[in-house]
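Undergrad: Turn these sequences into a full structure, and let the hints steer you where they fit.
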Amino acid sequence: MIKKIVLMGNPNVGKSVVFSRLTGAKVISSNYPGTTVDYSKGTMILDGNKVEIIDAPGTYSLESSNKAEKAALDILKEADIVIDVIDATNLERNLYLTLELLERNKPVIIVLNLWDEAKHTGVYINEKKLEEILEVPVVPTVALTGEGIKNLVTRIKEAKSPKKIKPTSEEGRWIEIGTIIKNVLTVEHRHHSLRDRLNDLTIRPSTGIPIAIGIIFISFWIVRIIGEYLSFLIGEVFENGYKPILTGLGEWLGDGIVYNILISQDYGEIVFTESLGILSTGIYIPLAVVLPYIIAFYFMLSLLEDSGYLPRLATLVDNIFHKLGMHGYGIIPLFLGLGCNVPGALATRALETKKQRFIAATLLAIAVPCMAQMAMIFGILGKYGLYYIILVFLTLGILYITIGIILNKVIKGISPEMFLEIPPYRRPSLRTTGKKTWMRIKWFLKDAIPFMIFGVAVINILYTVGFLQMIANSLHSAMEGLFGLPGEASIAMVTGFLRKDLAIGMLISLNLNPYQLVIAATMLTVYFPCVAAFMVLIKELGVKDMLKSAAIMISTAVTVGIILKLILLGV
Amino acid sequence: MPKNEGEHIITEKTKPLIYLTKGSKGKIIEIQGGHGFYRRLKVLGIREGQIVRIISKQPLKGPITIALGSTQMTMGRGMALKIFVEEL
Numbered sequence: 002m003i004k005k006i007v008l009m010g011n012p013n014v015g016k017s018v019v020f021s022r023l024t025g026a027k028v029i030s031s032n033y034p035g036t037t038v039d040y041s042k043g044t045m046i047l048d049g050n051k052v053e054i055i056d057a058p059g060t061y062s063l064e065s066s067n068k069a070e071k072a073a074l075d076i077l078k079e080a081d082i083v084i085d086v087i088d089a090t091n092l093e094r095n096l097y098l099t100l101e102l103l104e105r106n107k108p109v110i111i112v113l114n115l116w117d118e119a120k121h122t123g124v125y126i127n128e129k130k131l132e133e134i135l136e137v138p139v140v141p142t143v144a145l146t147g148e149g150i151k152n153l154v155t156r157i158k159e160a161k162s163p164k165k166i167k168p169t170s171e172e173g174r175w176i177e178i179g180t181i182i183k184n185v186l187t188v189e190h191r192h193h194s195l196r197d198r199l200n201d202l203t204i205r206p207s208t209g210i211p212i213a214i215g216i217i218f219i220s221f222w223i224v225r226i227i228g229e230y231l232s233f234l235i236g237e238v239f240e241n242g243y244k245p246i247l248t249g250l251g252e253w254l255g256d257g258i259v260y261n262i263l264i265s266q267d268y269g270e271i272v273f274t275e276s277l278g279i280l281s282t283g284i285y286i287p288l289a290v291v292l293p294y295i296i297a298f299y300f301m302l303s304l305l306e307d308s309g310y311l312p313r314l315a316t317l318v319d320n321i322f323h324k325l326g327m328h329g330y331g332i333i334p335l336f337l338g339l340g341c342n343v344p345g346a347l348a349t350r351a352l353e354t355k356k357q358r359f360i361a362a363t364l365l366a367i368a369v370p371c372m373a374q375m376a377m378i379f380g381i382l383g384k385y386g387l388y389y390i391i392l393v394f395l396t397l398g399i400l401y402i403t404i405g406i407i408l409n410k411v412i413k414g415i416s417p418e419m420f421l422e423i424p425p426y427r428r429p430s431l432r433t434t435g436k437k438t439w440m441r442i443k444w445f446l447k448d449a450i451p452f453m454i455f456g457v458a459v460i461n462i463l464y465t466v467g468f469l470q471m472i473a474n475s476l477h478s479a480m481e482g483l484f485g486l487p488g489e490a491s492i493a494m495v496t497g498f499l500r501k502d503l504a505i506g507m508l509i510s511l512n513l514n515p516y517q518l519v520i521a522a523t524m525l526t527v528y529f530p531c532v533a534a535f536m537v538l539i540k541e542l543g544v545k546d547m548l549k550s551a552a553i554m555i556s557t558a559v560t561v562g563i564i565l566k567l568i569l570l571g572v
Numbered sequence: 351m352p353k354n355e356g357e358h359i360i361t362e363k364t365k366p367l368i369y370l371t372k373g374s375k376g377k378i379i380e381i382q383g384g385h386g387f388y389r390r391l392k393v394l395g396i397r398e399g400q401i402v403r404i405i406s407k408q409p410l411k412g413p414i415t416i417a418l419g420s421t422q423m424t425m426g427r428g429m430a431l432k433i434f435v436e437e438l
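Residue numbers (our numbering), protein chains in the order written: chain A, 2 to 572; chain B, 351 to 438.
In short, the hints are calculated from the structure, not lab data. Heads up, the beta-carbon is just placed ideally off N, CA and C, and yes, glycines get one too. Please note that a few of the clues may not be correct.
Claimed, not checked - Some residues of chain A that are not near chain B, with every Cβ distance over 10 Å (derived):
1. 241
2. 261
3. 266
4. 269
5. 444
6. 540
Stated by the list, open to error - Each pair of labels, with its calculated beta carbon distance range:
7. B:409 with A:183: 35 to 43 Å
8. A:27 with B:409: 42 to 50 Å
9. B:409 with A:270: 52 to 60 Å
To be verified - In silico DSS-like links for lysine-lysine, alpha-carbon gap of 27 Å or less:
10. B:375 with A:120
11. A:355 with B:432
12. A:183 with A:164
13. A:355 with A:71
14. A:324 with B:432
15. A:183 with B:375
16. B:392 with A:107
17. B:363 with B:432
18. B:363 with B:411
19. A:447 with A:71
20. A:71 with A:167
21. B:377 with A:183
22. A:355 with A:324
23. A:78 with A:42
24. A:324 with B:407
25. A:4 with A:151
26. A:413 with B:432
27. A:410 with B:411
28. A:161 with A:151
29. A:167 with A:183
30. A:161 with A:71
31. B:432 with A:410
32. A:165 with B:392
33. A:413 with A:355
34. A:410 with B:407
35. B:372 with A:324
36. A:158 with A:42
37. B:432 with A:356
38. A:447 with A:244
39. A:68 with A:447
40. B:365 with B:392
TA: What follows is the structure, given as structure tokens:
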């Protein structure tokens, strides 16, 4: 009986679109144990039986050379049936994996996806003949529109393991592919299409960089609209729906340490952003502050990914990021981090080596303010003029680049060059993009939120035992002597650990001059991530590397504070 | 297969891929480097005898983007230095 169907194929062949066509709404994303490789799982009904479907990570061959390919190989071993998804526009290259799969004595069915695109670009494949040669069913599909999927479902049972294909060498496979191609493929030359032109324009630096800036700008604009709207909605639910319940619970508990830890430091008063209770602030920050932007950013990221734009953006920025010890994909943590550092930290997984991830995470925590924080910086400095705002961002930009260059030199390990396929532009399927966004959000809810609640709980306890106040007091003189700020600014620094935007807001009551505001706002960004981002960074980097990273953050903040004081205040 | 030292078939006409200009084409003559590197290229269809076209070159020693049939890919400079082509 068929229990497990595995989808295999090269990257960028529309495998996940086929997957989302075959599966129902219940789809989960899993992390392959011990790696940063993610794959999706779902179910479908086949002849009245529930069958598990796994979307293995994309791979070019079965001789695994990286973690994703190793994971794909392990997943393949458990398959009862393999659906091999082929990009019909790129038959020759895709057939390599197909031959390897056919050598493995597993029943295989082949899907020739992107069938419409192939025809459109003048590629004609005789699928009947291919079926004859390979001795397994071959089904053309256009997964985006659903064309051919029904046919695929009815033919899954026909999947078989051909007897004719024998294991051979790499050379042998290429020779075999050559023969197959000659028999089934006809290519008609077509002129440059609009899509080719779009590709050239977006990947050549002279036109590509202005376009990239435009696309990033528009993305942020959309993210901000979605994020603010959701934040408002969720906030309303908290204020009007949740607060009365919590107040009731508080009255029942009465004042005391349990009340302080669970609900609020001040009896009878619940301010969701400040009360520090596990049930108030602990839940409010992840759900009402962070989640709305996570949803918006993940949606935008999935859209950029599925349209095929992301690899082009990575190509355009690779030269800069490579000098900072990362490669082109280093822009993803930066992009997400400008919304909220939490998904930014999770996105450091887009990079391959430990060194690259460490640099990406440290730079994120030091020099990338989140959207809420940026809004507050504009808020407190805006009335003094753009000049002061530019000072803050210029400092952060210089820090991102200098620290990146330094870390690239001193951190051991390798930072390999970028090597990636640039898929053709494709219209994203709302269904797939939606599913992907939803899977990422679910993963965030499950993986990151418990960490954040725990973080708020720790802060609460540190506050309850008086530890935070002690730190604030001990920093008093440093604020005055080193950074030219009033001693009370130390309270803002400590608050910044919980909410950076709130901490910047606290500066207003200190009557600082604009230069002092620049120093304080910059330092607040640099010295430490907020508790939510901090917890996720521990999870991603491990405690040891996070301590290293934190040491870099704090020493950078102190250095920057002193330098800014010397330059701006002149003393 | 990757050639050993001394076996190179590089002539005056061949040069590393990175030295082709934007828009020009070249035929791959030889791929240097380790076995792993060779394999990574090969599964993407980059192998001796194939014709590649330069789509773009990023400034500041950035990567290059090449087209091979209907596939396009971006690779770092270091890699493009190890692929020898004959300009067409």
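Undergrad: Confirm or reject each hint.
TA: Evaluation of the provided hints:
1. 241: Fine: 51 Å to the nearest Cβ keeps residue 241 of chain A off the interface.
2. 261: About 55 Å separates residue 261 of chain A from the closest Cβ of chain B, which puts it past 10 Å; holds.
3. 266: holds, 52 Å
4. 269: Holds: least Cβ distance 60 Å, greater than 10 Å.
5. 444: holds, 28 Å
6. 540: Residue 540 of chain A is indeed farther than 10 Å from all Cβ atoms of chain B, at 30 Å.
7. B:409 with A:183: 35 to 43 Å: Holds - the Cβ-Cβ distance for residue 409 of chain B and residue 183 of chain A, about 42 Å, lies within 35 to 43 Å.
8. A:27 with B:409: 42 to 50 Å: Roughly 48 Å apart at Cβ, these two residues keep to the hinted range, so it holds.
9. B:409 with A:270: 52 to 60 Å: About 58 Å separates the Cβ atoms of residue 409 of chain B and residue 270 of chain A, which means 52 to 60 Å holds.
10. B:375 with A:120: With a Cα-Cα distance of about 26 Å, the restraint between residue 375 of chain B and residue 120 of chain A holds, given a limit of 27 Å.
11. A:355 with B:432: holds, 26 Å
12. A:183 with A:164: holds, 22 Å
13. A:355 with A:71: OK: residue 355 of chain A and residue 71 of chain A at ~18 Å, within 27 Å.
14. A:324 with B:432: Between residue 324 of chain A and residue 432 of chain B the Cα gap is close to 21 Å, so the pair holds against 27 Å.
15. A:183 with B:375: Status holds; Cα separation ~24 Å.
16. B:392 with A:107: Status holds; Cα separation ~25 Å.
17. B:363 with B:432: Within the cut-off at roughly 15 Å; holds.
18. B:363 with B:411: holds, 24 Å
19. A:447 with A:71: With a Cα-Cα distance of about 26 Å, the restraint between residue 447 of chain A and residue 71 of chain A holds, given a limit of 27 Å.
20. A:71 with A:167: holds, 23 Å
21. B:377 with A:183: The hint holds at about 21 Å.
22. A:355 with A:324: Holds, at roughly 16 Å.
23. A:78 with A:42: holds, 16 Å
24. A:324 with B:407: holds, 17 Å
25. A:4 with A:151: Status holds; Cα separation ~19 Å.
26. A:413 with B:432: holds, 25 Å
27. A:410 with B:411: Holds. Residue 410 of chain A to residue 411 of chain B sits at ~18 Å (cutoff 27 Å).
28. A:161 with A:151: Roughly 19 Å between the alpha carbons, so the hint for residue 161 of chain A and residue 151 of chain A holds.
29. A:167 with A:183: holds, 20 Å
30. A:161 with A:71: Cα-Cα ~24 Å, so holds.
31. B:432 with A:410: With a Cα-Cα distance of about 24 Å, the restraint between residue 432 of chain B and residue 410 of chain A holds, given a limit of 27 Å.
32. A:165 with B:392: Judged against 27 Å, a Cα distance of about 25 Å means the pair holds.
33. A:413 with A:355: holds, 9 Å
34. A:410 with B:407: Answer holds: residue 410 of chain A to residue 407 of chain B is near 25 Å, not above 27 Å.
35. B:372 with A:324: The hint holds at about 23 Å.
36. A:158 with A:42: Cα-Cα ~20 Å, so holds.
37. B:432 with A:356: This hinted pair holds, its Cα atoms lying about 25 Å apart.
38. A:447 with A:244: holds, 24 Å
39. A:68 with A:447: holds, 24 Å
40. B:365 with B:392: Satisfied, since the Cα-Cα distance of roughly 19 Å is no more than 27 Å.
Checked against the numbered hints above, the structure breaks none of them.
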